[in-house]
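Participant: Spelled out, the chains give:
Protein chains: 2
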Amino acid sequence: MSTRPSTERKLLDAADELLFGRGVATTTVDELLALAGVSPATLYRAYGSKDGLLVAALQRRQSRWLEVWDDAVAAATGPAEALLSVFDALATFRAQPHGARWCAFLGSAAEYADPPAPLAAALRADTEHLRSRLRDLAGPLVDGDAARAARLADALLLVVSGELAMQLREPGSRTASARAVARAVLDAELSGAPA
Amino acid sequence: MSTRPSTERKLLDAADELLFGRGVATTTVDELLALAGVSPATLYRAYGSKDGLLVAALQRRQSRWLEVWDDAVAAATGPAEALLSVFDALATFRAQPHGARWCAFLGSAAEYADPPAPLAAALRADTEHLRSRLRDLAGPLVDGDAARAARLADALLLVVSGELAMQLREPGSRTASARAVARAVLDAELSGAPA
DNA sequence: GTCTATATGCTGATAGAC
DNA sequence: GTCTATCAGCATATAGAC
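Taken in sequence, the protein lines are chains A and B. Number 67 in our numbering belongs to position 67 of the first sequence; there are no gaps in the numbering. Number 31 in our numbering belongs to position 31 of the second sequence; there are no gaps in the numbering.
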């Protein structure tokens, strides 16, 4: 009794699987159409181009990621765990059906010499959301010291990005070691407070 | 009085600049030929294909990177600085003429659904060399404890990869913050020795 | 009206023939 | 070194089915 998926939905699902799972350039429009079971006219009417579909798929993916991260934060037992829960969210998100090979945003950006504006905007939004959310979560841990929170957030953003890039080097690698590195960085920030 | 560069050399230089600076898929064979000033026959005779040239360029790049890193290690003032000198090497290498947008190895791998064998091998070689070299440099800092050295090396590899991926998010970002994160990780490992 | 199926122009990459 | 055959992918047009 599932309702029939809309053609947009089918196209976005196909984009998730092919564009992010196998790469943008390597995936042809024909493959997308075949997987979605949709005719060319439908794609071009709804999204204008392959790139248009890519951007739409990134946007949907972004909101899904935020939900997963929100849940992970909500499940955390304290402020430090809330900050580190980004790694739990990463693992959860990766285990979901529409998993990307490493990171849909970084991966897409990597495939363009200089990315078209909407794509650059999507990556920037992802980066800025990560940074500001991490900063907010870091705040309570450093008594609201904005500079320290920002420094901590930048450090975690670096570790998160490293964890993603490691998926490219070694597809199976666990997020556990990234979490451990992040905790070491956190502990260092909380014990000392070096310049 | 410079000797005339060989056609192979010219092709490798062109590959460095275009394949790694702008991306593999976005660069056409014609652009490579035009920049190198050689004819198609030359490329296909010497390397067989665009991918063949790519792999050859990666191999040359790997040995150049090792030289830069060796120099940075040699210039370090002590064992801890030697371990962290990988970030100096990264900055130096990036400042050289044939700079990639972020990382030639990760970037190339990211552009293939599943990379052809020689390319996968090149990335694996890069990863393994990073890891083993970092492990060797970490050894003296942990009294030769192999497990701790390995853990430290893995952590630094993660940070290095993160620093590279951050270039994709924010092209101008400095290696300084990665170095600071790495130092925090190092300090944490050297003070406590948590499981 | 929305979608499918099919056919086609166009562009550009690859590889090889000359 | 030029030149060209082949091939693939993107985008669109047309006509018909639900």
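I should point out that these hints are in silico values taken from the structure, not numbers from a laboratory. Ideal placement from N, C-alpha and C gives every residue a C-beta, glycine not left out. It cannot be assumed that every hint is accurate.
[Unchecked claim] Derived pair list, reagent style SDA-like, types lysine to any residue, alpha-carbon separation capped at 20 Å:
#, chain 1, residue 1, chain 2, residue 2
1, B, Lys50, B, Ala76
2, A, Lys50, B, Thr26
3, A, Lys10, A, His98
4, B, Lys10, B, Gly52
5, B, Lys50, A, Lys10
6, A, Lys50, B, Ala113
7, B, Lys50, B, Ala25
8, A, Lys50, B, Tyr112
9, A, Lys50, A, Val142
10, B, Lys50, A, Ala25
11, B, Lys10, B, Ser39
12, A, Lys50, A, Pro79
13, A, Lys10, A, Gly99
14, A, Lys50, A, Thr77
15, B, Lys50, A, Thr26
16, A, Lys10, A, Pro97
17, B, Lys50, A, Arg60
18, A, Lys50, A, Arg22
19, B, Lys50, B, Leu66
20, B, Lys10, B, Tyr47
21, A, Lys10, A, Ala46
22, A, Lys50, B, Ala25
23, A, Lys10, A, Asp71
24, A, Lys10, A, Pro79
[To be verified] Ranges between beta-carbon positions, derived for each pair:
#, chain 1, residue 1, chain 2, residue 2, range
25, A, Gln59, B, Arg22, 39 to 47 Å
26, A, Gln59, B, Ala113, 19 to 27 Å
27, B, Thr26, A, Ala121, 14 to 22 Å
28, B, Arg22, A, Arg64, 29 to 37 Å
29, B, Ala176, A, Ser191, 16 to 24 Å
30, B, Ser132, A, Gly172, 51 to 59 Å
31, A, Thr26, B, Asp136, 34 to 42 Å
32, A, Tyr44, B, Asp136, 35 to 43 Å
33, A, Leu35, B, Asp51, 47 to 55 Å
Participant: Check each numbered hint from earlier against the structure, then list the numbers of those it violates in ascending order.
Facilitator: 1, 5, 9, 12, 14, 17, 19, 23, 24, 25, 30, 32 and 33
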